[in-house]
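Sequence lines, in order, name chains A and B.
If you use the numbering used here, the first sequence corresponds to residues 1 to 480, in order.
If you use the numbering used here, the second sequence corresponds to residues 1 to 295, in order.
A few chain B residues that don't get close to chain A, going by computed Cβ distances all over 10 Å:
| id | residue |
| --- | --- |
| 1 | Glu58 |
| 2 | Thr67 |
| 3 | Ser69 |
| 4 | His113 |
| 5 | Asp115 |
| 6 | Thr134 |
| 7 | Asp142 |
| 8 | Glu168 |
| 9 | Ser249 |
Calculated pairs, DSSO-like style, for lysine-lysine (alpha carbon to alpha carbon, straight line, at most 30 Å):
| id | chain 1 | residue 1 | chain 2 | residue 2 |
| --- | --- | --- | --- | --- |
| 10 | B | Lys280 | B | Lys146 |
| 11 | B | Lys61 | B | Lys146 |
| 12 | B | Lys146 | B | Lys244 |
| 13 | B | Lys61 | B | Lys244 |
| 14 | A | Lys286 | B | Lys93 |
| 15 | B | Lys92 | A | Lys286 |
Bear in mind the hints are in silico, worked out from the structure with no lab data behind them.
We treat Cβ as the ideally placed atom computed from N, Cα and C, and that holds for glycine.
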Amino acid sequence: MTGVPGPAGSGGLAGHLDGFVRAIREAGIPVGISQAVDAAEILTVVDLLEREQLRHGLAAVLLQRAAQRPTYDVLFDLWWPLSDRRRTVADEADGGASDDGDEPGESTLDIPGGDDVDLAALMREQLAQLLLAGDEEALRRFAREAVEMLGRGQPSPSGQSFFSYRVLRALSPDTLVAQLLTGLLAEGDRGGLAEQVARQTIRERLTALRAAIESEVRRRTAAEKGRDKVAKNAVRPLADQVDFLRAQSGDLAELRRAVAPLARRLAVRLSARRRLGREGRLDFRKTVRASLGTGGVPVVTHHRPRKVHKPELVVLCDVSGSVAGFSHFTLMLTQALREHFTGVRAFAFVDSTDEVTRFFRPGADVVDAVQRIGREADVVGFDGHSDYGTAFEVFADRWASAVGPRTSLLVLGDGRTNYRQPGLPVLADLVRRSRSAHWLNPEPRRLWGSGDSAADRYGEVIDMVECRNAAQLAQFVTTL
Amino acid sequence: MPRPPSQSPQFSSVADVGKRLSTAGYLPDTQIATTVFLADRLGKPLLVEGPAGTGKTELAKALATATGSELIRLQCYEGLDEARALYEWNYKKQLLRIQASQGTDGADWDTVHDDIFGEEFLLSRPLLTAIRRTEPTVLLIDETDKADIEVEGLLLEVLSDFQVTIPELGTITATRRPMVVLTSNATRELSEALKRRCLYLALDYPSAEREREIVLSRVPDLAPGLAEQLVRTVRALRALELKKSPSISETLDWAQTLLELGLDTLDEAAVRSTLGVVLKHASDQDRAAAELRLN
Ligand SMILES: Nc1ncnc2c1ncn2[C@@H]1O[C@H](COP(=O)(O)OP(=O)(O)OP(=O)(O)O)[C@@H](O)[C@H]1O
Ligand SMILES: [Mg+2]
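With the rest of the complex left out, here is chain B (with noise of 0.2 Å):
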């Protein structure tokens, strides 16, 4: 596999990843850090897959911020196709552009032609944009596994040379290789070719510990004694096999219910007026009051 242009590491140790995605606002166990800190070393995409709500996106906008770099974003979903991830020819411009230079004699074809396949005519979509920039990029393909498997095909011809062939103005390479950061919900596998050419780092709900870490640090004014007690009501909800476990953003959404509620423990009556911020299905609230004695 040739190597895609090289650009001078951004981390220094993993020390040092964990001190500037802190600074950043996102808190990394050493998995985090060892794994992100390999990526950029090695120049290789980083693949973060776990459930929803385990903070794989914000690693990429935490990473963005932590180098300065610009995020820039493909968002996946079914349908999905070359012409929304990597570029298009502005058609509806070009056509217009013909119907002008019908009036005007003498414009030949050739000339038109070169005209209509020129810069001022290409829409350049994320894929593109990101092997273009001159200046830190990182580039987040959020969801790949929502995209159709051709598009997997796609992400792997540009990820492994950084660089685009577009048949009317020539192959266009990297100067500065993006850092690239794919997420996945794990909804169904990735091929194993794409996965080959990424670090994998499997992320998964957080220690008590870090989760409490998160919270003091998202919602810096509820008090150290009510987040323990939060992410230990969480962690006994996510024992219950839910169909929707709560992930970090409800653990977040519910400490800062509290907080505007101005609720100072997390007792049975207290859970029960709230339960709905933190589990969305009602089956999953009925089971809960059950198991957790809330009545």
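Extracted from the complex, chain A is given alone in its bound form (with noise of 0.2 Å):
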């Protein structure tokens, strides 16, 4: 293990610290007087030349939730790198593959010569090696020295660039599945399952070696050109703050696991009736009959049972393809509401409206509902564009008693209505008739109403909540 390289500049091992936090502070983390405290006692607590100890040992005091390791990761590497080793890196994988003895640094200029093609040639065939192998040190110590080979830009008066999609292009470590696939399977193993459980394992090994790579380059860079521009540029957002409109694929994944137990407090919250107490009311009868059998004295009481509420829920969601990130989100909310309660209903609208309350029976796939919506639902009227109006309309018309005096309403959706009819009277007329109204909208507040949003509008009608992000569906869910 490497030791922590002493701390540079004037304020020493403290000092050092108080950088680093400052930087999480930036990063979106919350850290508090007292957490800074304590991560200066974990310094005095953990051998400092094992780096692990050091980077779990902070973390236990600053981060609070499991969403900012990732960001905390970065910067960890950043604040406390690897000393720089690159000879001893370079000498130890020469014991492999290669072994033409480049220098760092001799054979790395951007001139399409045969050195370089035969150089990163050369580097495939360790990294396939490696990548069959699956040991995860030696990937990362490969990482480190791709960067050092393949990774350098043009010079520059502002010090030496790396950039990792020199590395990647370089390696093009994608091209090699079908070559780790035959080196991991048997002859008979193609096509089944055996495939299906190699290539998640590739998928895996690739993750890891472009994340290693993702590092070494941040780190490079930090030291040419210092780390707080780094910084600054290498943080993605935390999951609850992605924003639901730009959502990627991969976010995704991340979003559903921060919103699935949102997804159930809101359920929760809709239908809360005013809590009576663990028990119900005092049944007096049953607790004097019971009172007998100890000489009159009520040792036992006895309640009624509670009264449940059977909550009514009307979800309208529009699923149309300006909305797409939120829309995703937005099915899985009302899957995860209809887990609770039966008595939640889900519609969907594009410039129509159809019920698909039925693709969310308890036990559902989300993504298979998503799917089946777009298959089987009937939420496109004319032209696959929002018209909210249309779409309000037919809701109305067509399920006329769905929404009562005891419905809660959520409306889901940016108000975007490419300058149609918003249908403010309709929207109106369903507020009036239920218990409580609530839409969600996934834009920006400062963009209601511009263009062809009527957002500003909508919000005369109804209570209007910008939503963009799994932070303010939080937010949205403790003030209802």
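Fit the two chains together into the complex; they arrive one by one in their own frames, and the hints show the way.
Now the structure itself:
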């Protein structure tokens, strides 16, 4: 294990820790004063020569949610970098496939020429071996060398740049998959379970490789250009800050994990009546009767079972293209609500509305449900662009009895009408007939009313809430 | 924050934690071992958060075994209150005692009062029990997220000064602070205040390598090659984003099942016939069968 490099600068170790804590705060992770104090104490207890102890030790006092960890790790690697042991790394790797003895920096100029191509080919061969073996430490070592050899950009006065895309282009690890599959599988194993499992293993190793390359590029860049600059660009938003509208498919899984518990809470909040305590009202007669056994002293009290109110909830959601990321979340939310309450009905619309409750039977799979809605539900009547007015009208007309005095209504959408009729009176009427009504809008508030957004006008007849990310959803749930 | 009464640390180093937990049947990674070491050194409660079946409860149990402590467990649930968590007066017994005293004249109310609020009528619940113990103790507060918010206030009080005030009896202070482990499935956020008082340990599914070691240590008769195959297959299932991803518990159940059925390879037929052990929802089974090409 590598030791922690002596902290540079005037403040010594304490000052260095201060800088690290500040960077963490700037990345959106709240760190209280008492936590910062605890962090300083950690430095006195862990073995500072064991970098991983320091990493996990500081994480234990500075973090409070699992979603903060990836950001934390990026910053930790910048503030407590592995010491630079390039030569040693190259020496070790030289024992392997590449034995042409390149000095670091020698053959890495960006000139298309025999040497460079050879080097890349050699390293690619070595990489294939490493991916097959799956030794993570060896892969990390390889990644460091690959960045050194293949990742340099044009030298410039502001310092040497390193790019992971250069490394990935030279090695093109994705094209190794076929070769790796052959290596991992026996003859007859193609096509079935074994191949699927092997593919997953390869995916994991490639992901680890990419992460190691990116981490090394950040480390080298920080050494050249200062870590503050790298820290600013390198940190991805926390899962609960990811914009629903901009979520990449990679974010969705994480997002789903962040949203699932919120959905459950939302379901409870929307349905909760005033709590009556643990049990219902005292059942006087039963209590008196029981007290006869203890000489008239009511030792055991009996209560009537608490009345359970069946909540009624109607979810009305825009599933058009403009809210693709959001509607994914929306439908997830609907599924979670359905899991808890039978009294939930879900309706989806684009330019027409259809009931989609049946796709969300408890136990159903969200991904399936989304696909089935696309195929089977009647949500597009005309051209596939949102038409809120028509959608509301169809809803109010075909399911006139769906909304009543015991119904909570939840509308989910961006309120972008494509300059068509917004259908305000219909919505206002639905709101009037319901017990409570809220609209969750995935667009930032400042855009409400801009262009074809009718969000500001809808906001006059219904409680419109900005809900761009999981953090805001959490906020909404608690204020309900 | 006043530091609770100190207790001499149980572990000498992170490596010592790793060694002794392993001996107790729990294989920790560096993160777990380091955080446990710090909780012991700094005398702070350990909050372990993560999905179901990732070894949260087991960690507390192994910790008790490794340190020769008794495990006191407070299982949280919706509606848990002070009377169940801390202490309660045994009012049935009190009532009967009052009744009995009504016959004998002369027993004035004050005597009876002192009497019925004595030790004999006190029902000690896990939190109080843990504080009063003089022998080494691990206090496990399991599934904290299931309890209502109000319980967190109570925990906060008890965990910050390790003392409990019972109006009729006075203040009871721990003579020997227990090691405290709280677990949570993160179905809701615990309060900031409670989190700040604890060291935070996020558990997730283990690396392939560690999971294989766990399988081999818990189901030692399984062939190593099959264990490897099993763990790889479980990881492929976890990548599918199922309603309920298989956890370590399911991996272990699966290993046990394969062993009992005498299966020595995990091919399509073997997976098809045992999938119910790993995936509990019908929709998850269908999905897995399609994605992993079981048919
Ligand atoms: N590191 C480990 N070493 C050995 N066994 C482990 C380890 N982690 C988990 N296990 C095993 O996995 C199973 C599940 O663990 P446990 O019951 O502690 O999960 P949990 O996180 O408390 O789950 P839940 O949230 O459902 O309560 C147990 O059988 C436990 O023995
Ligand atoms: Mg548990």
